[in-house]
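Undergrad: Listed here are the chains, written in short residue letters.
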Amino acid sequence: MNSADTDHVLQVEGLKKGFNGRAVLRGIDLGVPRGGLFTVLGPSGAGKSVFLKCLANVLRPDEGRISFDGRPMGMGTDPAVKAAFRKRCSFLFQSNALLDSLTALENVSLPLEQTTSLNDAEIRDRSMEALRQLEMHEFADHHPGELSGGMQKRLALARAIVTRPELVLFDEPTAGLDPLRRNGVFAMIAKYRRMFGFTALVVTHDVPEALVASDRVALLEKGRICFEGTPAEFSLSDHPVVSGFRDSEKALAATIETIRHDPLVSP
Amino acid sequence: MVSLLGRQTLGVISGLGDFALFTGNSFLAALGSRKLFRRIVRSLHEQGTVCLPVILIVGIFTGLVLGLQGYHVLNRFGSSGLLGALVSLSLIREMAPVLASLMLVGQAGSALAAELGMQRQTEQIVALETMGIESRGYLVSPRLIASLFSFPAQTALFVLVGLWGGALSGSLLLGVDSGVYWSSVERAVEARDLRECFVKAALFGLLSIALCAYQGFHADRNRSATGARAVSAATTRAVVTSSILILVVDYAVSSFFV
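As they're listed, the protein sequences go chains A and B.
In terms of the numbering used here, the first sequence is residues 70 to 336.
In terms of the numbering used here, the second sequence is residues 2 to 259.
The set of hints was computed from the structure by calculation and includes no laboratory data.
We put the beta carbon where it would ideally sit given N, CA and C, even for glycine.
None of the hints are false.
Among chain A residues calculated to face chain B with C-beta under 8 Å, some are: (1) Ala125; (2) Val127; (3) Ala152; (4) Arg155; (5) Lys156; (6) Phe160; (7) Ser164; (8) Ala166; (9) Leu168; (10) Leu179; (11) Pro180; (12) Gln183.
Extracted from the complex, chain A is given alone in its bound form (with noise of 0.2 Å):
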């Protein structure tokens, strides 16, 4: 272990995955530091979620190294270490993964009833605890099929978090929200990443709201991350692809006001 490794709960090094010859992730390094909220910015399509699932081991990378807490995870891993890194860990899927045959109560209950040897009434009170955090307690008997968007979301959150974890990994977690809906996400996870001290890595392409409420970003382009530092310094960066990816806003302007003076174009 090098003393890099003791900065960042999470090490991944020349991190490489393709599908059927198409390569995805082109050689990804980068540390995620312990504590804070670290967002991966990036474009759709640049290989984000590939990217979080292969941190999570739900995929398996083709090349590279990924450290947990200075130990190796990924190709090959002892499965005492896969599981123990499964106890440590949570991730939060895009579309909430939610069991839909099960209510509230025992989406969140089930990682504490599967993965410890907690009593029933200990189950209970962990898991309505993690729900009331999260002002979900009133509909600890709903079905996700009855909850809203948003509820989802905090649900999905509350069964992350019941397992007390020290990482949580998020895939667009804003992902088809308006504007103020990913507000309201983005604040729920600064809030709760705060509250249980977890560190919180989150993939998105929603820049403002990632910019204001991360401590780091990074952003990846076509499978490689080509830029890493603070939101101060990413506003400030003048890399071609992160003030291209930043002043989008800008250049759609620029587009807008060309079409609008274009007489070819007319009404």
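Given the structure of chain A, go ahead and fit chain B onto it with the hints provided.
TA: Just chain B, lined up with the frame of chain A:
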């Protein structure tokens, strides 16, 4: 042509191996799964209580038809007193285990394949794995264990209802003496017939539920369809292959017992 045949054969062998591993690993996964009994009870409800009406309806009509057809054939030879033996042996040795299993595949097996297929498509199965939960132990093992009890129980019920159906058409409608019918049943049925019946039922249950679970669990492997169409394709494949498998295994087991 030869290489195509070779590829197809290898594909079938590899598929059979994959299915055998899936079934074996699902049973093994039960060892580490917590609160398993609760989920077995839920599965017994799915394969038992929920399927009860269809078993009762098909059972009674099978008995009625057997009684009706059997009476007319036996009456030609002046042997209508053997109607009970014909109905009971037909039901116990062949019709009850096969028909009850086909009905259970149609109802519980298709529901299982569709449910697991949906869970695969909506990342619920992956979510279980990211939580450190053995997905086969949680979703498949209780269904497999339950099938070892529910299929023989439903088959027994099918036999009882079928025998009553035979009595109804034979005695009540066609005039065979009720005492003669039931004593013929009692004399004809031996312990080995019942053993064959329940061995078949348990085997059909295990194989068909494992096959339905396998198809649903791997609904994402279908490269020609995605989403709802992949689930629908997995469900269809599950029901068709399970039904064929039941008939093939029925022949194999019958040859062994006969």
